[in-house]
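Using the numbering used here, you'd call the opening residue of the sequence shown number 1 and step up by one each time.
Hints are not guaranteed to be accurate.
[Stated by the list, open to error] Distance ranges between label pairs, derived from CB positions:
| # | residue 1 | residue 2 | range |
| --- | --- | --- | --- |
| 1 | Lys18 | Arg38 | 28 to 38 angstroms |
| 2 | Pro6 | Leu37 | 41 to 51 angstroms |
| 3 | Leu35 | Arg8 | 42 to 52 angstroms |
[Unchecked claim] In the SDA-like style, the derived pairs of lysine to any residue whose C-alpha atoms are separated by at most 25 angstroms in a straight line are:
| # | residue 1 | residue 2 |
| --- | --- | --- |
| 4 | Lys18 | Thr33 |
| 5 | Lys17 | Ala30 |
| 6 | Lys18 | Pro6 |
Since the hints were made in silico from the structure, they are not lab data. None of the values given here were measured: they were computed from a predicted structure. Positions of the beta carbon are idealized from the N, C-alpha and C atoms, including for glycine.
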Amino acid sequence: MSTQTPNRVAISGPGLKKQGVVVLQTLFIALFTLLELRIRDGVGIVTGLV
Numbered sequence: 001m002s003t004q005t006p007n008r009v010a011i012s013g014p015g016l017k018k019q020g021v022v023v024l025q026t027l028f029i030a031l032f033t034l035l036e037l038r039i040r041d042g043v044g045i046v047t048g049l050v
């Protein structure tokens, strides 16, 4: 038995640039900070902000 895997289309392009990485990091930090504020009524354990 042989199974054929579908050919995947390679994504062409340069990928994420430094600006895109900075934006994603900022969004993730903001998301975790907001979640921590909702759960704990303060920040510090998850995000490390004091």
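> Measuring from beta carbon to beta carbon, are Lys18 and Arg38 in 28 to 38 angstroms?
Replying inline: For Lys18 and Arg38 the Cβ distance comes to about 31 angstroms; the hint holds.
> Using the C-beta atoms of Pro6 and Leu37, is the stated range 41 to 51 angstroms upheld?
Replying inline: 44 angstroms, holds
>> For a C-alpha distance cap of 25 angstroms, please report whether Lys17 and Ala30 respect it.
In response: 20 angstroms, holds
> Cβ-Cβ distance between Leu35 and Arg8: within 42 to 52 angstroms?
Replying inline: 34 angstroms, violated
> Holds or violated: are the alpha carbons of Lys18 and Thr33 at most 25 angstroms from each other?
Replying inline: 22 angstroms, holds
>> Check whether the Cα positions of Lys18 and Pro6 lie no farther apart than 25 angstroms.
In response: 32 angstroms, violated
Hints 3 and 6, counting from the list given before, are not met by this structure.
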